[in-house]
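Chains as they are written, first to last, in this note's numbering: chain A, 1 to 473; chain B, 1 to 478.
In case anyone wonders, no lab produced these hints; they're calculated from the structure.
Don't take each hint at face value.
To be verified - With a Cα cut of at most 27 angstroms, we get these calculated DSSO-like pairs of lysine-lysine:
id, chain 1, residue 1, chain 2, residue 2
1, B, K452, B, K435
2, A, K429, B, K435
3, A, K101, A, K34
4, A, K428, B, K63
5, A, K392, A, K101
6, A, K430, B, K108
7, A, K192, A, K179
8, A, K34, A, K428
9, A, K270, A, K392
As the list claims (entries may be wrong) - Beta-carbon label-pair distances, calculated as ranges:
id, chain 1, residue 1, chain 2, residue 2, range
10, A, H397, B, K429, 51 to 61 angstroms
11, A, N289, B, K429, 50 to 60 angstroms
12, B, I3, A, L446, 31 to 41 angstroms
13, B, I13, A, I201, 22 to 32 angstroms
14, A, L288, B, T56, 50 to 60 angstroms
15, B, N201, A, F445, 56 to 66 angstroms
16, A, N289, B, I13, 34 to 44 angstroms
17, A, P362, B, I49, 50 to 60 angstroms
18, B, W230, A, Q398, 30 to 40 angstroms
19, A, E359, B, N364, 31 to 41 angstroms
20, B, G64, A, H415, 51 to 61 angstroms
21, B, H34, A, F445, 25 to 35 angstroms
All C-beta atoms in this analysis are idealised placements derived from N, C-alpha and C, irrespective of residue type, glycine included.
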Amino acid sequence: MLVKYVSLFPEAILMAMLISIALVHIFRQAQTPKTFATISKICMFLSLILCIIFYNIGINGDWYINTTYTTFFKGLMLLGALLTGSLASKWFLSQNYSSHKYYFCIGFMVLSFCVSISAQNLILMAGAMLVSVLGSSYLLMMNREVTEQKISKLCYIQDSIIFMLLMGIGVSVIVWHSKEWSYSGIIAYYKKVPPQTEDIIASCLILSGIMSIIGAAPFHLQAVHTAKYNILPVVVFMEIIPVITGVAILVTLFHTVFVAMNEPLSTMMKLCGCLSVLMGAIGAGSTLNIRKIYQNVGLFNIGIMLILFSYLTVQDIQVGLIYFLIYLFSIFGIFSCFYGLCSHGEYINNLDDLAGINETKPYIAAALLIFSISLLGIPPLVGLLGNLYMTKLLIAHQSIKMLGFIFFMLVVLSHGLLRIFKTIYFEKKKINFDRADKGVYFSLFLNILIIIITMIDPQFLIDDIEDIIHSFL
Amino acid sequence: MNISQHFLIMLIIAPFLGFLFALTAQSTEKTMRHNVISVAEFAIITNIILLWRQMTELDLNQKGLQFLTQYQWTDGPVINVAFGIDIFSLMIALSIHLVLLVSLPFAKNSEHPKMLVSLSLLMLSMLMGFLLAADIFSFYIFFTAMLIPAFILVGMTGEVRKSRWIFRFFIYNFIGSVILFIVICALSNYSKSTETILLSNVAGFRLPRVREYWIWGGIFIALLSRVPIWPFHYWIASISGAVQNPIVFMLINLLPLTGVYGLVRFCPKAVPESASYLLTGLEVIAVISMLFIAMIGLINKDNRYKLFSFMTVYCIMFLLGALLPTNRILLNIGYSIFAFLIIIAVLEVLAAHIYYEQQRLDLNTYGILCQAPRLSFLYSFFTLAAVGFPLSALFINNFVILSYLFSYNFNLGLLITISMIVSSASLLKELYVLKDNRYIQPGSVCIADISKKLFWGLGIIGILLMISFYNPVLVLGG
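Whenever a hint applies, use it, and build me the whole structure from the sequences.
Given below as structure tokens:
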């Protein structure tokens, strides 16, 4: 019995981290940015280790569960948070800016995301997501800004709250109809009673809430806009961690809880996916802000993932998750590169600032090129594998028009990324950069190593994903 | 796995290791140039020795790829990759190495010698992978992977960096790659067996008529996107005119040959009937493009454009030869390409020397060779070899290819011959201009001749071409 509660240790440590940060902020006089980064690092690392140790032990019930599937996503999220948090400490040091708000918020969000991933209950999942929005709102408002930036962030927060409330309404309708709140109860109910129109609308509202967390179109507009104004650590965190959570919950809901309604939901996901692919490809070519360019590249990839998840076989989930992992490694690599591009204490934001970095920062320029190529799916990098499985699957489903659309948009997207390659390699140096942190190089090296190993022997990735899906189904 | 199979993989790995070494070379400006070029020379010579070793082991009478090596990449879904070599791919690989070796000294004049040499080695590694690919997946991987180094090479060394040509270059080629990718995924889905899908087996696939039509249409478009025939001719013409460095010029002009090589490997002479209409259309478009490019080469005053036009006309001739419904001239095409690439590389190196000297001394082209005897001799020798004088394997092998083209379709053969004559005339006209001494005044400034070292180096290549007059393999010990 005790061991079931021990499995909550990762969450308990995250809770302890929040308390420690608050106490240090209140009582300790010498508060360097590193203090909070160290607390965060230790707690996240411990949480990650315990999460892996108790990977299949949980409070088996209608509330909370740990399986290989949940551990995989929680582990990814904790690892992502650990790395983004570690890289962010340099930013706070260089800016001499108090980091307690940042580390408190990311701890708070990671905790709520962990709860929502392991939740086996619609109310607990929706509640945790709603709470996470509070954390993200606080995170977005943490730096000084001019009015335009403030309005943009307020719009984003307002949108997030609206989508969470809509998700809340959807949850209420389903719970009210089925008189069940656990996932297993809802599945059993819809096996007996065919879903009504209001059930379908409610499930759409729930999924739209999840998609707003992932940042899929058409729920993405404010998210892309705020990337321009936010500080780099916030942008990196918001671009990676919520997406991991969103994908975990989306797959759970779509393929298990709402399995009785998956035909209309599949159409909705395909529409959102196509819209994301379209907006991402066009958006990447129409902005001069590098963060926005890569956020649009991310949107494009999220669109493809939604399209893959919208099909209903086990292979589709497998391919979707492989695509997702490859995307995650590449986009994390891209944002790690941004941490290495700092000029006079300011992290660069504009495309022009990248001019000639192959001379001043050759390794970071090469890494940026490698990750971008991987995101485009150009061989011999690992992105090819994602594209390969995706294409084979769409051909097997006879979705040739969809395939044509995706590849046409990929060509459009490539134009956006070519501008970056051109600026890096063909233009003369415009600004000098500060010395990059060793952590950035370490993170890039690790990321590139993973990409190369996965490309040479992708079998371990495929086998692991297969195991995870079996535990999930 | 025997030692020859290991050598196949080494042929891809050696230039890649050279790329990594060259990329991480850190030293002063002067020694860095020296270091990266030495690394490149070492990698290229290593590969030439390995190729020569493979040549001695090859059985010339055996059809198809030899030393076939297979690896399982993934087992769910099953994707295997395979590598192999035959005398056709070996001759092209060998000539590419010699081309790079000849043009390598010009890396010293580049603004970015380190990037230029390291990316050239990366591209060489990708080209080797492409030439050794025996299955559809490895073929696609290397076919596309050479795009990024090519894009950066063109952008870093040409005057094209600020223009839209560079984007068009990438986008045209990328569209071709995307189409090929969809085709190979479709082929892999239609093939229910878990065995490797070899390139030579693709033509044997029996599919519903409409699918066959789309798949072969896709293969043709993908591979022809690399060959400068209408409507894909635009990118390479623009790029070739603007690229200043001989290494980059040669590497970019190897891309069309990858399209021709791909068509040879997909074995279109055995294409299903539904796709045979596509071949007829392709022949018509190819021959019209050939004529136009030859004409433009004749009227254009830029020496580089003339060379590009000459290369393109020959490339399309090789393409049309490869599409003939016979396997008999495949070796002739291989031998011809071997001599052709080396001749063009030497001409490009000499043209680059003339161009740099012209820029340095602000001279016009008339009679510029008159006071540089070594340069004049080599330029004349290689131009005459290029236009079809019996000085290299180009002469007799082109004769064989043309005779087969005539016997297949007289009108087609005639139009190809006219195009070749026109493009040869443009080279001869350029030679005449360079040697026209009417405008030379006594005591006027003249360009520096090439060094004795370079003269003897290129002279040895000329002798090698002459003694490999009929069959280069016999001379090289195969």
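- Between B/N201 and A/F445, is the Cβ distance one that fits in 56 to 66 angstroms? Violated - the Cβ-Cβ distance for B/N201 and A/F445, about 41 angstroms, lies outside 56 to 66 angstroms.
- Distance restraint hint 50 to 60 angstroms, applied to the beta-carbon atoms of A/P362 and B/I49: Given a distance of about 31 angstroms, which is not inside 50 to 60 angstroms, the answer is violated.
- Message: Just to be careful, I want the Cα atoms of A/K428 and B/K63 compared with a cutoff of 27 angstroms; is the pair within it?
- Response: 52 angstroms, violated
- Query: Under the criterion that the straight-line Cα-Cα distance not exceed 27 angstroms, is the pair A/K270, A/K392 satisfied?
  - Reply: 17 angstroms, holds
- Restraint status (C-alpha distance of B/K452 to B/K435 at most 27 angstroms): Status holds; Cα separation ~21 angstroms.
- Between B/I13 and A/I201, does the beta-carbon spacing fit 22 to 32 angstroms? 58 angstroms, violated
- Pairwise hint evaluation, A/K34 against A/K101, where the allowed Cα distance is 27 angstroms at most: Roughly 13 angstroms between the alpha carbons, so the hint for A/K101 and A/K34 holds.
- Message: Check the hint pairing A/K192 with A/K179 against an upper bound of 27 angstroms on the C-alpha distance.
- Response: 13 angstroms, holds
- Return holds or violated for the Cβ distance of B/W230 and A/Q398 against the range 30 to 40 angstroms. 33 angstroms, holds
- Query: Does the Cβ distance between A/E359 and B/N364 fall inside 31 to 41 angstroms?
  - Reply: 36 angstroms, holds
- Message: Would the hint linking A/K429 and B/K435 be met if the CA-CA limit is 27 angstroms?
- Response: 43 angstroms, violated
- Query: So does B/G64 sit 51 to 61 angstroms from A/H415, Cβ to Cβ?
  - Reply: 40 angstroms, violated
This entry does not satisfy hints 2, 4, 5, 8, 13, 15, 17, 20, going by the numbered hints stated previously.
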